[in-house]
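Trainee: With the hints as your guide, set chain Y onto chain B.
So the sequences go chain by chain: B and Y. Letter 143 of the first sequence, counting from 1, is numbered 143 in my numbering, and no numbers are missing. Letter 217 of the second sequence, counting from 1, is numbered 217 in my numbering, and no numbers are missing.
Simulated from the structure, these hints should not be mistaken for lab results. Each hint should be verified, as a subset may be incorrect.
[Said to hold, decoys possible] Covered stretches of chain B (in silico footprint by chain Y; criterion: 3 or more residues with CB under 8 Å from a CB of chain Y, positions within the stretch not fixed): (1) 113 to 123; (2) 199 to 209; (3) 257 to 265.
[As the list claims (entries may be wrong)] Which chain Y residues face chain B? A few, computed with CB under 7 Å, are given here: (4) M44; (5) L86; (6) M101; (7) P166; (8) P285; (9) Y320.
It should be emphasised that the depicted structure is a prediction, and the values quoted were computed from it without experimental measurement. Even for Gly, the Cβ is constructed at its ideal location relative to N, Cα and C.
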Amino acid sequence: MSTVDERTNIEDTEFGKKAAGPVGWLDDRLGLAGASKRSHLLRKVFPEHWSFMLGEIALWSFVVLLLTGTFLTFWFQPSMAETTYNGSYTPLNGLEMSHAYASTLDISFDVRGGLLIRQIHHWAAALFVAAMIVHMLRVMFTGAYRKPREINWLIGISLMVLGLVEGFAGYSLPDDLLSGTGLRFVDGLLRSIPIVGSYLEYFIFGGEFPGDVIIPRLYMVHILLIPALLLALIGAHMILLVYHKHTQWGGPGRTEKNVVGYPMLPVYAAKAGGFFFVVFGFTALMGAVLQINPIWAYGPYNPSEVTAGSQPDWYMGFVEGAVRIMPNWESTFFNYTWSWNVFFPAAVLPGLFLGVGAAWPFIEQWITGDKREHHLLERPRNAPFRTAFIVAAMTAYGVLWIGGGNDIIATKFHLSLNAITWFCRIGLFVLPVVTFMITKRICIGLQRADANRILHGYETGVIERSPDGGFTERHAPLPVGSQYSLTNHDRLPVLEAPPETDHNGVAAPHSRMAKLRAKAREIYYDGSVDKPTVEDVHHAEEHLRDHDGHPVELGDEFQGVSESGVPRVH
Amino acid sequence: MSDELDQLTDAEPIKDPGLPAHQHRPTDVDPAQELRAERQITGMFTVASLLLIGFCVAYIMIDKDQTFLGWSAMNFTLGATLGGALLLMGVGIIQWAKKLMGDDEMVELRHPAASTAEERAATLEDLNAGINESGFGRRPLIRRSLFLSMSFLALPTVIMLRDMGPLPYGHKNTVWKKGMRVVNDVAGTPIKPSDLQVGQLVNAEPAIMYEKDKDGEAVLHGTELLQEKSKAAVIVVRMKPEAITPSKGRENWGIDGILCYSKICTHVGCPISLWEQQTHHLLCPCHQSTFDLADNGKVVFGPAHRPLPQLPLALDSEGYLIAVSDFPEVVGPSYPELARDQKRLDDKS
Numbered sequence: 001m002s003t004v005d006e007r008t009n010i011e012d013t014e015f016g017k018k019a020a021g022p023v024g025w026l027d028d029r030l031g032l033a034g035a036s037k038r039s040h041l042l043r044k045v046f047p048e049h050w051s052f053m054l055g056e057i058a059l060w061s062f063v064v065l066l067l068t069g070t071f072l073t074f075w076f077q078p079s080m081a082e083t084t085y086n087g088s089y090t091p092l093n094g095l096e097m098s099h100a101y102a103s104t105l106d107i108s109f110d111v112r113g114g115l116l117i118r119q120i121h122h123w124a125a126a127l128f129v130a131a132m133i134v135h136m137l138r139v140m141f142t143g144a145y146r147k148p149r150e151i152n153w154l155i156g157i158s159l160m161v162l163g164l165v166e167g168f169a170g171y172s173l174p175d176d177l178l179s180g181t182g183l184r185f186v187d188g189l190l191r192s193i194p195i196v197g198s199y200l201e202y203f204i205f206g207g208e209f210p211g212d213v214i215i216p217r218l219y220m221v222h223i224l225l226i227p228a229l230l231l232a233l234i235g236a237h238m239i240l241l242v243y244h245k246h247t248q249w250g251g252p253g254r255t256e257k258n259v260v261g262y263p264m265l266p267v268y269a270a271k272a273g274g275f276f277f278v279v280f281g282f283t284a285l286m287g288a289v290l291q292i293n294p295i296w297a298y299g300p301y302n303p304s305e306v307t308a309g310s311q312p313d314w315y316m317g318f319v320e321g322a323v324r325i326m327p328n329w330e331s332t333f334f335n336y337t338w339s340w341n342v343f344f345p346a347a348v349l350p351g352l353f354l355g356v357g358a359a360w361p362f363i364e365q366w367i368t369g370d371k372r373e374h375h376l377l378e379r380p381r382n383a384p385f386r387t388a389f390i391v392a393a394m395t396a397y398g399v400l401w402i403g404g405g406n407d408i409i410a411t412k413f414h415l416s417l418n419a420i421t422w423f424c425r426i427g428l429f430v431l432p433v434v435t436f437m438i439t440k441r442i443c444i445g446l447q448r449a450d451a452n453r454i455l456h457g458y459e460t461g462v463i464e465r466s467p468d469g470g471f472t473e474r475h476a477p478l479p480v481g482s483q484y485s486l487t488n489h490d491r492l493p494v495l496e497a498p499p500e501t502d503h504n505g506v507a508a509p510h511s512r513m514a515k516l517r518a519k520a521r522e523i524y525y526d527g528s529v530d531k532p533t534v535e536d537v538h539h540a541e542e543h544l545r546d547h548d549g550h551p552v553e554l555g556d557e558f559q560g561v562s563e564s565g566v567p568r569v570h
Numbered sequence: 001m002s003d004e005l006d007q008l009t010d011a012e013p014i015k016d017p018g019l020p021a022h023q024h025r026p027t028d029v030d031p032a033q034e035l036r037a038e039r040q041i042t043g044m045f046t047v048a049s050l051l052l053i054g055f056c057v058a059y060i061m062i063d064k065d066q067t068f069l070g071w072s073a074m075n076f077t078l079g080a081t082l083g084g085a086l087l088l089m090g091v092g093i094i095q096w097a098k099k100l101m102g103d104d105e106m107v108e109l110r111h112p113a114a115s116t117a118e119e120r121a122a123t124l125e126d127l128n129a130g131i132n133e134s135g136f137g138r139r140p141l142i143r144r145s146l147f148l149s150m151s152f153l154a155l156p157t158v159i160m161l162r163d164m165g166p167l168p169y170g171h172k173n174t175v176w177k178k179g180m181r182v183v184n185d186v187a188g189t190p191i192k193p194s195d196l197q198v199g200q201l202v203n204a205e206p207a208i209m210y211e212k213d214k215d216g217e218a219v220l221h222g223t224e225l226l227q228e229k230s231k232a233a234v235i236v237v238r239m240k241p242e243a244i245t246p247s248k249g250r251e252n253w254g255i256d257g258i259l260c261y262s263k264i265c266t267h268v269g270c271p272i273s274l275w276e277q278q279t280h281h282l283l284c285p286c287h288q289s290t291f292d293l294a295d296n297g298k299v300v301f302g303p304a305h306r307p308l309p310q311l312p313l314a315l316d317s318e319g320y321l322i323a324v325s326d327f328p329e330v331v332g333p334s335y336p337e338l339a340r341d342q343k344r345l346d347d348k349s
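If we strip away everything but chain B, and leave its shape as in the complex, we get (with noise of 0.2 Å):
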């Protein structure tokens, strides 16, 4: 803890006297003091929670992977040309195979921390993906995405999908049997695409499957295209990040129109900076202890093996499961074959997934009408319709997961594997609707619980009998700090109905679009509580304070015990 009475300035200590030409230098022809000044940078605030931290793991994975993959690139060698394998890996000696899996045994096996750093990175990236998705249902959950940051939800969409394609390029690379059957299906799913579908196939393969070109082009794809754009783009969401100022949770002071937090220098720096050496520990001793991808277990690829068991990785699963899950359907007309079965599960719905989550903040704003800025995250449960979708889209993602993998499910609890199938081809519709269901429910009950801990304060945990015998529970208010923070949200909306005719009686213009927003926001509002009104806590004061004389004043003094975990020190 320093005051400013006990502060040493920079400029007197013997670095700063030392370092004050150098950096008198550099200002001289970059103006880094007056950028500096100007965009309050080195002092900016920064707001803090816990589910701050997510997008954090995400980009400190990604500079994880930047620092393995350049190692990584040492060795590999992106070629298909055959070669013989003679290395220390014995089992797979006298074998032939291509370059790209050979060096990649090598990196595994002759290379020396070869294998530590291969394990990282394929660990870090299994995080780079889980991180970011996870990182974006709580911005989805908190409705974090409302004006102004739009345009950074849809960067983040963006930085998601080119996460998914590059870690399906780099798992392709090694050119074992496990990535050339994930290659295989690519193939499928390209020949699948309507009208173009073989003209695709043969150019991204060079020719007929699986070709020789596949993995130096996927090498570069997943080198030196989508890590440029990922750069890019993290550097972008990182820009509007800083431009819009952090959201933070409502509370005591804490305001739309403030934020509240600790500065970049020196609190943030120190706790963003550690937390890289946390997440790239972190990954280290994953790739110390867990085992991934052992691809000298699985062998050089072959078009006519497989394993059973075949899986992509976890953030593949989704498709993998929808393509399972899905009837066979194929059909022929205008003379062409049209693979319903592999172009609807593999191109259609995940871009329907995708299109749906890019758009949601503008459908939600189209819905309410609400055009202010906000930069108070709103809790879940003040959001019911909200979070309620969200929990349903998690379900559908949920059960096509499953599906992915209902031959391990089917093995390893001794199910039927039809039966597992046509549970998410039914549930796949219909369980979303139940989750949707609950959880809106959920979070009005929620909503009425808070209205009531401000209304008639919290469970003391004194009980107390009365003279006939009775007894209660006595309550206290809530702290008016916690009070605060539990009213700290919108309003909702007085719905009415839009007019069927404009001020001269003639039919309004735009009235069905109207009515359908009209009836769009009827149903986002459903159920929904409000939170106390000015009266209510008025009246519910006098009613807590005279309530039918108790025996024994609380006392300002005192503290109360209380199961539900509200802050005893009023």
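Mentor: The following block gives chain Y in isolation, referenced to the frame of chain B:
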């Protein structure tokens, strides 16, 4: 606008009590705690340095074949020292921030993301000046011809991609042809009906995959071999002849209940290999399409649409299994021109 906001604030049931008073941490008020935290953090950084030295020692000393608790000793030691050092550094830095760095919260005011009206006006003025000086609005001929050439720029961009690969014509047949032996895909040995018991399934290939030319080189190798394998791989299976219900024209495609099917799934092309003797079903391990081999390879479950193509079998003079012809159906996953190619095959036969 601000009136509206004030009104809204008035309507709030609970007034904002403002930021709570700052609470000091133990390290702020107790010098002993402060010293303890300082020692802890320094300790973490010191141990991290030692671990990093340990990393280098392990790199030099450990033999790459050594194992430790079933792990590669090298991988484990390098990962544990590196990961441990990084974690300690990270945790140490974060502890420093949490326990010793200033923890007074600061308040920064927000500003609307939009530019102010003056900024907009000034920028618009600059923009107008620039556009007017360029004559962009006044010279439609230049403007439109520029747009035209810009849109034509897309043409070379697209046409340059033409040589990414050949056009997808004429590669749909496989290397199977009349008289080619069906050979075991492990050893390349030809198969006699007596080698197969009822219920047995054998992975097989066309004999050309194992043929050598007169210099002793494989006829097919590398990419070409993989391309042909991805179409020509087959499975040979023996069932009880009475269990088989061949469709019209396929009655003589088998030998004593021995049938031969494409191994390549008609869904997305995985090699199919999971065989259920009792039901005569063949299951694809990738997406679980299930085919009934006793019933002409018909799809009984899963996402595949077309039945597995069947290869007509015969015996050569030495009694080995041979193909009567190439597959009469297109093998592998579907593609847009499949209907046309299939029609051409049908016309040929």
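Trainee: If a hint holds in the structure, say so; if it doesn't, say that too.
Mentor: Comparing the hints with the structure gives:
1. With 5 residues carrying a beta carbon less than 8 Å from a beta carbon of chain Y, the region 113 to 123 of chain B meets the three-residue requirement, and the given coverage holds.
2. Counting residues of the region 199 to 209 of chain B whose beta-carbon sits less than 8 Å from any beta-carbon of chain Y gives 10, enough to reach three: the coverage restraint holds.
3. Under the rule that three or more residues need a Cβ within less than 8 Å of chain Y, the assignment of the region 257 to 265 of chain B holds, with 7 such residues.
4. Given the 7 Å rule on beta carbons, the hint for M44 (chain Y) is violated: about 11 Å separates it from the nearest Cβ of chain B.
5. Checking L86 (chain Y) against chain B by beta carbon gives a least distance of about 3 Å; that is within 7 Å, so the hint holds.
6. A cut of 7 Å between beta carbons decides the hint on M101 (chain Y): the least distance to chain B is about 5 Å, and the hint holds.
7. Interface restraint check: P166 (chain Y) against chain B, minimum CB-CB distance 5 Å, threshold 7 Å, status holds.
8. The restraint placing P285 (chain Y) at the interface with chain B holds, with a minimum CB-CB distance near 4 Å, inside the 7 Å limit.
9. Given the 7 Å rule on beta carbons, the hint for Y320 (chain Y) is violated: about 20 Å separates it from the nearest Cβ of chain B.
This entry does not satisfy hints 4 and 9, going by the numbered hints stated previously.
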